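With these hints in hand, go ahead and build the complete structure from the sequences.
So the protein sequences, as listed, match chains A and B. Numbering of the first sequence is given in this note's numbering, commencing with residue 18 and proceeding in unit increments. Numbering of the second sequence is given in this note's numbering, commencing with residue 653 and proceeding in unit increments.
No wet-lab data here; the hints were simulated from the structure. None of the values given here were measured: they were computed from a predicted structure. Hints are supplied without guarantee of correctness; some may be wrong.
[What the hints assert, rightly or not] Only part of the chain A face toward chain B is listed, based on derived beta-carbon distances under 10 Å:
1. C155
2. A156
3. K157
4. G165
5. G166
6. G170
7. C180
8. W182
9. A190
10. I201
11. K205
12. S212
[Unchecked claim] Ranges between beta-carbon positions, derived for each pair:
13. Q47/A x S878/B: 54 to 62 Å
14. K883/B x V105/A: 51 to 59 Å
15. L71/A x P677/B: 56 to 64 Å
16. V142/A x A740/B: 21 to 29 Å
17. E860/B x K43/A: 56 to 64 Å
Even glycine gets a Cβ: it sits at the ideal position worked out from N, Cα and C.
So you can see what is in the structure, the chains are spelled out below.
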Amino acid sequence: MTDDCENVLVAGCNTCVAVCLTGGEKEAEQLAQQLRIARRREGIRGKVDTVTVLRQCENEYLDAIAVQVEEADIVLSTACSIGPQGLVFRYPRKRVAPAMNTNMLGYVREHHVWTEYCAACGSCVIAATGGICPVARCAKTLLNGPCGGSRNGRCEISPEVPCVWQEIYDRLAALGDLDSLKRIIGPKKWNLSNSGGPRTMKKEGFEP
Amino acid sequence: MKAGSNLEQVLESGVFTVTAELGPPKAADPKVIIDKAGILKDHVDAVNITDNQTAIARMSSAAAARLCIEQGLEPVMQMTCRDRNRLAIQSDILGAAALGVRNLLCLTGDHQSLGNHPQTLGVFDLDSITLIRMVRDMRDGPVFQNGEEITGLAPQLFIGAAANPYADPFPYRALRLAKKVEAGIDFVQTQIVFNVGKFEEFMRQCRELGVSEHCRILAGVAPLKSAGMAKYMKNRVAGMDVPDEIVERMSGAGDAQDEGIQVCVDVIKKVREIEGVAGVHIMAVEWEAAVPEIVKRAGLRE
Chain A
18 MTDDCENVLV AGCNTCVAVC LTGGEKEAEQ LAQQLRIARR REGIRGKVDT VTVLRQCENE
78 YLDAIAVQVE EADIVLSTAC SIGPQGLVFR YPRKRVAPAM NTNMLGYVRE HHVWTEYCAA
138 CGSCVIAATG GICPVARCAK TLLNGPCGGS RNGRCEISPE VPCVWQEIYD RLAALGDLDS
198 LKRIIGPKKW NLSNSGGPRT MKKEGFEP
Chain B
653 MKAGSNLEQV LESGVFTVTA ELGPPKAADP KVIIDKAGIL KDHVDAVNIT DNQTAIARMS
713 SAAAARLCIE QGLEPVMQMT CRDRNRLAIQ SDILGAAALG VRNLLCLTGD HQSLGNHPQT
773 LGVFDLDSIT LIRMVRDMRD GPVFQNGEEI TGLAPQLFIG AAANPYADPF PYRALRLAKK
833 VEAGIDFVQT QIVFNVGKFE EFMRQCRELG VSEHCRILAG VAPLKSAGMA KYMKNRVAGM
893 DVPDEIVERM SGAGDAQDEG IQVCVDVIKK VREIEGVAGV HIMAVEWEAA VPEIVKRAGL
953 RE
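Here it is as structure tokens:
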């Protein structure tokens, strides 16, 4: 991807992806070093620089690296996919590529283990499900309890995958609130999710 | 009568009811359906037409259901939430009803990763419970899911669901079925019963919740073909509970297929005694020929 580029800029992002050990300053440096070695072996001329900002999802941080971006023939962003798109928005004539495959909105359930916890579906249900999200964490996005494939706390898709509805059941049982499982939830308003088209949020009262 | 189907009439008459299963082929040949229907039609009250069962692409359940009707066998069309959104489901329901389908079994559906197209998108716009509610409203409203009135002929459907007494958490299983009753089902077919003791406990809970008063319960049963199949179902099939004694019975049998049919017949005789069981649903997957023998030996057509 960078073979035809003389100057490569690896842009790190020092918040979420740094915590995820995938795209912060350290990982951006590591990627740049690997690229330098690979490019030297291939006999590609030019240089690989790095720069890391606090967040690639805001203009002011992207504006702060204008000089480095202008010098580069391509910017590889190690941010989540919002980073490279932010760079494209801010630097419309610059070649930008993602260095990361963005997976999910996860929680650090154990050290070095991230688990998807939110699907950003736009109509949050967790107030009715014990504070645990079945939209992100049930393989069938079920809203009304565990399907017939729940066995020993595991999902039918794999013994590695916990059944989130077992977790919801256990939590509501512990809270003495199993009655909330009797209520029929849905059909879900998927138009509020990405299915309704790309979403924009404005916070009233904070206009510049 | 809600839909006037044969299944509804038989269940409401109080006669012990028998349904079976007919899996559409992975091909376009109508003869497969015609042949299977021929085997089953004089022995059962209705037959379930599976909908891309285990997430494997097959002939559509609506088309197969129509072929079945033409053979004089009443179909229970299965409909899952996995492959269609609410637009497609409502459209297929109207089409199926126009073709003469009068029973619909509402399912969430096996996850697509278990089938032969694991890279596909699972839809799950609705789940089984919101699907049931939608179908009931299409019949009784009559309205579409969005509340818009159905101004022409509404689909007259006897509405069913599945229940699995062997899935977890067990204490929730009868409650879940009660939720399906509240959503609008008229009948339910259960997962295959091998562990009769656990099923009895499930039925006790159903009676306590008033479920068996408001919907007719058909116990799922199936003939095992071999000891290997018994072990496979015990260990590998999600949501199945095959007790050791049945695996041992199958292992020790001289004629495994005959023993499998006998095990099934024994289960039928036991579940028939349980208060609230209105019939049996015989799931002889790719072994339709076993059904007439099971019906005969269990004395279901006297």
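Per-residue hint verdict: W182/A, partner chain B, C-beta under 10 Å: With a minimum Cβ separation of about 8 Å from chain B (threshold 10 Å), the hint on W182/A holds.
Restraint outcome when K205/A is required to lie within 10 Å of chain B by C-beta distance: holds, 8 Å
Restraint outcome when C155/A is required to lie within 10 Å of chain B by C-beta distance: holds, 9 Å
Restraint outcome when I201/A is required to lie within 10 Å of chain B by C-beta distance: Hint on I201/A: holds, closest Cβ of chain B at ~6 Å, below 10 Å.
Residue hint S212/A, partner chain B, criterion CB-CB below 10 Å: OK, holds: S212/A within 10 Å of chain B, min 9 Å.
C-beta pair E860/B, K43/A: status relative to the range 56 to 64 Å that was hinted: holds, 60 Å
Cβ distance range 21 to 29 Å for V142/A and A740/B, holds or violated: holds, 24 Å
Supplied contact hint for G166/A, tested at 10 Å Cβ to chain B: holds, 5 Å
Outcome for the supplied range 54 to 62 Å, where the beta carbon pair is Q47/A and S878/B: holds, 55 Å
Evaluation of the interface hint that places G165/A against chain B, nearest CB under 10 Å: This interface hint holds because 3 Å falls under the 10 Å limit.
Chain B contact restraint on A156/A - CB to CB distance below 10 Å: holds, 5 Å
Cut-off 10 Å, beta-carbon criterion: hint that G170/A touches chain B: At about 7 Å, which falls below the 10 Å cut-off, the nearest Cβ of chain B leaves the hint on G170/A intact, so it holds.
In summary, this structure violates none of the numbered hints.
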